[in-house]
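Peer 1: Make a model of the complete structure from these sequences and hints.
Chain by chain, the residues run as shown.
Protein chains: 2
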Amino acid sequence: MTEHNTAAVTDLPMKKPREGEENGASATAINGGGTGSISSVIPGWFSEISPMWPGEAHSLKIEKILFQGKSDYQDVMVFQSATYGKVLVLDGVIQLTERDECAYQEMITHLPLCSIPNPKKVLVIGGGDGGVLREVARHSSVEHIDICEIDKMVVDVSKEYFPDVAVGYEDPRVTLHVGDGVAFLKAAQEGSYDAVIVDSSDPIGPAQELFEKPFFETVARALRPGGVVCTQAESIWLHMHIIEDIVSNCRQIFKGSVNYAWTTVPTYPSGVIGFMLCSTEGPEVDFKNPVNPIDAKEDQNNKSITPLKFYNQEIHSAAFCLPSFAKKVIEAKAQK
Amino acid sequence: MTEHNTAAVTDLPMKKPREGEENGASATAINGGGTGSISSVIPGWFSEISPMWPGEAHSLKIEKILFQGKSDYQDVMVFQSATYGKVLVLDGVIQLTERDECAYQEMITHLPLCSIPNPKKVLVIGGGDGGVLREVARHSSVEHIDICEIDKMVVDVSKEYFPDVAVGYEDPRVTLHVGDGVAFLKAAQEGSYDAVIVDSSDPIGPAQELFEKPFFETVARALRPGGVVCTQAESIWLHMHIIEDIVSNCRQIFKGSVNYAWTTVPTYPSGVIGFMLCSTEGPEVDFKNPVNPIDAKEDQNNKSITPLKFYNQEIHSAAFCLPSFAKKVIEAKAQK
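Chains as they are written, first to last, in the working numbering: chain A, 1 to 336; chain B, 1 to 336.
Possibly wrong hints are sitting among the right ones.
Any copy, or any two copies together, can satisfy a pair, since identical chains are not distinguished.
Said to hold, decoys possible - The calculated EDC-like cross-link candidates involving lysine to aspartate or glutamate, where the alpha carbons are at most 20 Å apart (straight line), are:
#, residue 1, residue 2
1, Lys288, Glu314
2, Lys309, Glu244
3, Lys333, Asp180
4, Lys61, Asp171
5, Lys61, Glu331
6, Lys328, Glu212
7, Lys333, Asp156
8, Lys328, Glu314
9, Lys309, Glu331
10, Lys61, Glu212
11, Lys159, Asp171
12, Lys186, Glu98
13, Lys70, Glu143
14, Lys61, Asp180
Read the hints as simulated data drawn from the structure, not as lab findings.
Peer 2: Right under this line is the structure:
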């Protein structure tokens, strides 16, 4: 991995937990737009409460808080949970758990990369934990992987506490750029990427810009004709209004195809997460019928890599089948 | 609806909430194997904690507790939630919320009924809330619907608090039998049903028998050749050991096809629920490619019924596509 520091970041020393916080610790995070204050509500449990999903909360039992810190951008926490392995929390919102991260990382990566032949140059925006890099690296056609993560603390924390996720950084094709994703894309050479993967947090906090129209314009500009983007696009059960806006923006900007897919991730709100998949004008991309299967290739070439846990060709196509309530809204927007 | 009382039931008067419980009430249910004790832990929130999903809990904000009672079989509670509508809770476990019940009821019903031509006689085991009846009633080919629910309190509570779900009981083709599902099936005429739908709670408590081999044998006996069963079959993320046993039992008993499907239900643990779909020896049933679509029929014939919210033909086929970790286990068991 090569590292380019393209923005000023504060290398805060990692704050180790205080005495008494280590066992039976409590943490309920109230996400009030990025303030991320942490207060005790349920003894011994972490509860995820946010205005993004009012009236409900998912809680995990804490065995031990391993790290709590405040970067220039957000609160960062890692804890050992009782039944989901280690958990990474940003501004009070669960980003990944060791038990179910496979679903998110594999789907956000292979949905776009298995949909185009021979992807060579890939950009990851966000995704500082390294899990998407791990998945991109499974594709032997890929020659270069750029990642632009705004928060260096996320990278450092992942390398220390989530080695099976951050292993993605060890691939020699990876170059890390610490800085703002929007600025990075603006500076990128036009038409230079085969695929852009936007692994962002929710649109409250540092990732807000990544859900807005100007951002999608810079993505489209950086992609080659017939290039693809896959971006984290919230939950059909909770965020249809956000999804409607994203679909509508993408329909205006991406002149190839515009699709919505989803998958199950138990520790994300409502238990699902969606992805917006679009292609630029050029060679046609049929996202629902992948042309670049990874299943077979992986068995042959990558004996040393942990096998895929979640993704396969059937679940790729199935991910684009939407419940009627979501289909109606998304197809209406996509046709406008 | 006709009502046959085939077992002794106690007609407990419904217990209305006590003063002071109505607003900002708290209820954390600890499900310790059917005891269902309810104690206050988080003010204003209901939390679902169970040995079936250790170390995690989903919580809903309570606006008002509408009903709390104890039947001969279980604790029954209804509350108005802040963002999921009214919620039905049995022994501390969420059975349905108004916001997401469509996913479960539509899938558990139409996955089996759309897989066979012209279903005429259908049996529902459990499902006392009436939601499955509402869905079965969409099929105009159906002539008779038996439902056998052990707990009359569930039926009464649903009729009082969930009229849009219990509306299923209003169909003249429905006959309610209050009693034990296993005994009902043993007494049923051999080969008499086209489809049996087992809408049970978890295998801790009154539904335990419905996950065991002798029960599946009585189901197979009651089905016509090429008849189908669909049974609630837990979560691929949480209960692979239970699912392995069910698949293994079904493979021994059902000589037609044996399949596992799943869907998203945000308020069920891990956000998904699975279904075991099997057919008896006889005319072949290809569950993945439904022969009896409901989408079109419904538009033409049932103008008065609320449209389907979740189910469609694409999501029917997609439901059988499993993540690799689940596919490996289920296909291995299914082939033995």
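Peer 1: None of the hints should be skipped; say for each whether it holds.
Peer 2: Right, here's what the structure says about each hint:
no., hint, in the structure
1, Lys288 x Glu314, "both (10 Å within a copy, 12 Å between copies)"
2, Lys309 x Glu244, "between (31 Å within a copy, 18 Å between copies)"
3, Lys333 x Asp180, "neither (30 Å within a copy, 49 Å between copies)"
4, Lys61 x Asp171, "neither (34 Å within a copy, 45 Å between copies)"
5, Lys61 x Glu331, "neither (40 Å within a copy, 33 Å between copies)"
6, Lys328 x Glu212, "neither (23 Å within a copy, 40 Å between copies)"
7, Lys333 x Asp156, "neither (40 Å within a copy, 42 Å between copies)"
8, Lys328 x Glu314, "between (23 Å within a copy, 13 Å between copies)"
9, Lys309 x Glu331, "between (31 Å within a copy, 15 Å between copies)"
10, Lys61 x Glu212, "neither (35 Å within a copy, 31 Å between copies)"
11, Lys159 x Asp171, "within (14 Å within a copy, 60 Å between copies)"
12, Lys186 x Glu98, "neither (34 Å within a copy, 46 Å between copies)"
13, Lys70 x Glu143, "neither (35 Å within a copy, 64 Å between copies)"
14, Lys61 x Asp180, "neither (34 Å within a copy, 37 Å between copies)"
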